[in-house]
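Position 312 of the sequence shown, counted from 1, bears residue number 312 in UniProt numbering, the numbering being contiguous throughout.
Honestly, the hints are just simulated from the structure, not real lab data. Note that CB positions come from ideal geometry on N, CA and C, so glycine has one too. Check the hints yourself; a few may be wrong.
Claimed, not checked - FRET-style restraints, in silico, Cβ to Cβ:
#, residue 1, residue 2, range
1, V53, L158, 41 to 47 angstroms
2, L126, L274, 38 to 44 angstroms
3, A287, P154, 34 to 40 angstroms
4, V222, R56, 25 to 31 angstroms
5, L184, A155, 18 to 24 angstroms
6, L274, L162, 46 to 52 angstroms
7, A122, R210, 48 to 54 angstroms
8, R209, Y264, 22 to 28 angstroms
9, L265, V53, 19 to 25 angstroms
10, L126, Q216, 39 to 45 angstroms
11, R119, G8, 35 to 41 angstroms
12, V110, L234, 26 to 32 angstroms
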Amino acid sequence: MDALLRLGGPAVFVLLWSTGFVGAKYGLPYADPFPLLALRMVLAALLLGALAVALRSVAMPAPRAYGDAAVVGLFLHAGYLGGVFHAISVGVPAGVSAVVVSLQPVLTAVLAGRILDERLVARQWLGLVLGVTGVALVVGPGLAAAAGSAAALPASGLVSCLVALASGTVATLHQKRRGDGIPLVWGTAVQYAAAAVVLTAVALGTGQRRLDWTPQLAAALVWLVLVLSLGAVLLLLLLLRRGTASGVSSLLYLVPPAVAVEAYLMFDERLAPLSLAGVAVAALGVALVVTPVRTGRGRLLRTAARATGPAERRETA
Numbered sequence: 001m002d003a004l005l006r007l008g009g010p011a012v013f014v015l016l017w018s019t020g021f022v023g024a025k026y027g028l029p030y031a032d033p034f035p036l037l038a039l040r041m042v043l044a045a046l047l048l049g050a051l052a053v054a055l056r057s058v059a060m061p062a063p064r065a066y067g068d069a070a071v072v073g074l075f076l077h078a079g080y081l082g083g084v085f086h087a088i089s090v091g092v093p094a095g096v097s098a099v100v101v102s103l104q105p106v107l108t109a110v111l112a113g114r115i116l117d118e119r120l121v122a123r124q125w126l127g128l129v130l131g132v133t134g135v136a137l138v139v140g141p142g143l144a145a146a147a148g149s150a151a152a153l154p155a156s157g158l159v160s161c162l163v164a165l166a167s168g169t170v171a172t173l174h175q176k177r178r179g180d181g182i183p184l185v186w187g188t189a190v191q192y193a194a195a196a197v198v199l200t201a202v203a204l205g206t207g208q209r210r211l212d213w214t215p216q217l218a219a220a221l222v223w224l225v226l227v228l229s230l231g232a233v234l235l236l237l238l239l240l241r242r243g244t245a246s247g248v249s250s251l252l253y254l255v256p257p258a259v260a261v262e263a264y265l266m267f268d269e270r271l272a273p274l275s276l277a278g279v280a281v282a283a284l285g286v287a288l289v290v291t292p293v294r295t296g297r298g299r300l301l302r303t304a305a306r307a308t309g310p311a312e313r314r315e316t317a
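Whenever a hint applies, use it, and build me the whole structure from the sequences.
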């Protein structure tokens, strides 16, 4: 199972996470962003809670773990997703949002060195830079077309992008630092429940209530709940348990290229040669970050980690 997750997990995660573009494209024309996200969180929490009850062997979190799971939920699902959805809904181009949020791996790597004692070598820092460059190349043609109206970008949307960037980083670091021991199913259900409360309050506070029940909205909601909230997010948490925060975050560099390819295949959106080059550059950047360091010290540390039991690793963390 671990070998399968290590080999195929990152690719599946990127594919699933990138399809959030499909859900947003089909859902936002028929709903305000915060009610849509709140409903998504409620449904995901109920489904995971029911699954946890059905699987009686699934352990309940310790009392303190509820707070840690809620913190991750607030930042990852309310802060990150809420920021991105709101930015797009008020007119920030998806490409601009992608560029801002794509800085998360760099921010995570910088903070992980201090908070989690994760150290990157020069080759991995080069990979982070290439990742940002690749994303810029992918979305560059679209941004160039809108360059003349850049000054008209809504300030609230740009602030929302920055909120999403910071929230995704905090969620990743907190999950890696405090969330490894939380039962996956129950913990994720708590994440969604906490996010649902906040998103509902924001929706009511901002007067956003529109949910036009059309087949398109229903299809988008089913996709967002089952594929994104249950599939991609659970896989993200599993990857974080088995990898570094910096390495897992670097996978987000591949999301904008994947979205560009999906938009070309599904919606016949033009894929410029520069964008194709960006896909290759971003993939190279991720490979440089996630490939294990082949130094003698690195091999020693990995060998020690494999030989140390979970309890011993927690004591030495």
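State the violated hints by number, sorted upward, taking the hints as numbered earlier in the document. Hints 2, 5, 6, 8, 9 and 11 contradicted; others consistent.
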